[in-house]
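Put together the whole structure using the sequences plus the hints.
Just so you know, the sequences run in chain order A and B. Mapping of the first sequence onto my numbering: position 106 corresponds to residue 106, and the numbering continues sequentially without gaps. Mapping of the second sequence onto my numbering: position 34 corresponds to residue 34, and the numbering continues sequentially without gaps.
Think of the hints as simulated: they come from the structure by calculation, not from any bench. For clarity, every value in this text was computed on a predicted model and none was experimentally measured. Watch out, some of these pointers could steer you wrong.
[Stated by the list, open to error] Computed cross-link-like contacts, SDA-like style, restricted to lysine to any residue with a CA-CA straight-line distance of at most 20 Å:
#, chain 1, residue 1, chain 2, residue 2
1, B, 14, A, 169
2, A, 169, B, 48
3, B, 74, A, 194
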Amino acid sequence: MFDWLQHIVDWLIYSVFGLTHGSKIGDALNFFVFDTIKIFILLGFITILMGMINSYFPIDRVRNFLTKRKWYGLDYFLASFFGTITPFCSCSSVPLFIGFVKGGIPLGVTLAFLISSPLVDAVSVAMFLGMFGWKTTIVYVVSGIVLSMIAGYTLGKLKLEHLLTDWVKKILENKQAADENYEEEKQTFVQRIPGIGKEALGIVKGVSLYILIGIAIGGLMHGFIPTGFFEQYITKENPFAVPIATIVGVPMYSNAAGVLPIMQVLVQKGIPIGTAIAFMMAVVGLSIPEGLLLKKVMTTKMLLIFFGVVTACIIISGYVFNLIL
Amino acid sequence: MKKQVKVLGPGCTKCKTTYNNVLEAVKQLGIEADVTKIEDIEEMMKYNVLTTPVLMVDDVIKVKGRVADINEIKQLLTA
Numbered sequence: 001m002f003d004w005l006q007h008i009v010d011w012l013i014y015s016v017f018g019l020t021h022g023s024k025i026g027d028a029l030n031f032f033v034f035d036t037i038k039i040f041i042l043l044g045f046i047t048i049l050m051g052m053i054n055s056y057f058p059i060d061r062v063r064n065f066l067t068k069r070k071w072y073g074l075d076y077f078l079a080s081f082f083g084t085i086t087p088f089c090s091c092s093s094v095p096l097f098i099g100f101v102k103g104g105i106p107l108g109v110t111l112a113f114l115i116s117s118p119l120v121d122a123v124s125v126a127m128f129l130g131m132f133g134w135k136t137t138i139v140y141v142v143s144g145i146v147l148s149m150i151a152g153y154t155l156g157k158l159k160l161e162h163l164l165t166d167w168v169k170k171i172l173e174n175k176q177a178a179d180e181n182y183e184e185e186k187q188t189f190v191q192r193i194p195g196i197g198k199e200a201l202g203i204v205k206g207v208s209l210y211i212l213i214g215i216a217i218g219g220l221m222h223g224f225i226p227t228g229f230f231e232q233y234i235t236k237e238n239p240f241a242v243p244i245a246t247i248v249g250v251p252m253y254s255n256a257a258g259v260l261p262i263m264q265v266l267v268q269k270g271i272p273i274g275t276a277i278a279f280m281m282a283v284v285g286l287s288i289p290e291g292l293l294l295k296k297v298m299t300t301k302m303l304l305i306f307f308g309v310v311t312a313c314i315i316i317s318g319y320v321f322n323l324i325l
Numbered sequence: 001m002k003k004q005v006k007v008l009g010p011g012c013t014k015c016k017t018t019y020n021n022v023l024e025a026v027k028q029l030g031i032e033a034d035v036t037k038i039e040d041i042e043e044m045m046k047y048n049v050l051t052t053p054v055l056m057v058d059d060v061i062k063v064k065g066r067v068a069d070i071n072e073i074k075q076l077l078t079a
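Structure below.
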């Protein structure tokens, strides 16, 4: 799909700049330029596409949709699915949590949404496509949704409501059916375009610095670390690799934009992809800052259970990835 | 009449940018406005918001879930 771009970059680096093909600096620069352009093209495309879906299903509508009728378990899927198309800022997680449970959405369903939202988004989908191809991307997106459903369902079954903080319990006692004050914007598709474009531009701008730094580090590692370097340390056969990678990733905080370019190089140099994905999911999905925010609504015990269940689910999907990819 | 502007957000960069944009818009317009920043989550939930940052003008939610730029805020304040 991007052969044409590779030809242009090859010509630019090896002919225009006169760097030797196969030299470390030439290859590192080629990788950097090619990856940067490719990822920004994909990023623009996917953010606009997701912006369009999101324009028709804004978060308020998702909430009303989930509260209005009984879903008999399908709500776990819907929450996880909508979590992936809703752009998410970790500082929105608490207002979102309260807004959902206040409207009568079950705790487990709310958590499913909160788990899937940072895990799969426009940025991670675009970067997965650019770095690992469509097959790995589909497996990633599907497993992100399934993982959120399972973790949300498990947490729902554990009946953790009594472990919420007191002020949240008070809100729950006075919960009302979702306010019907949400008015759908009656805009034609053409009227929506400027807003969608602006939003997409904002997302791309917001992550561009992370991507550039990530690809730059990736480019250096690509040129200077020998292929198969990591294989001597981490192999598919080592049963502890996935849990260790996950647990190392949990406290760290980064978005997909920063961690994915580095992950791509790790995979090229011999780290099994499932192990790398488990690490990445742990980094973007759970973090200490996120835990501190959620402490406002969860007691420490509940927070530990929440992190524990999600971590376990990430470890399991890491093993599954290594089996099927 | 003085405009009442509220910025709701728990203090992430997006919320700070919105707040600074509001201050800048008010300055550029040369109008008087009460600009308040609400960082307390319990307080925030009274306004029934789902995504932050939220920009309210005279207790009406104008922008939610994204940063409003200075020109947009100027339009909202003069409308």
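Quick rundown of the hints versus the structure:
For the suggested pair residue 14 of chain B and residue 169 of chain A, the alpha carbons sit about 29 Å apart, so the restraint of at most 20 Å is broken. Simply put, residue 169 of chain A and residue 48 of chain B have alpha-carbon atoms about 16 Å apart, close enough for the 20 Å limit, and the pair holds. Taking the CA atoms of residue 74 of chain B and residue 194 of chain A, the gap is about 18 Å. The hint holds against a cut of 20 Å.
Going through the hint list in order, the structure does not satisfy hint 1, though it satisfies all others.
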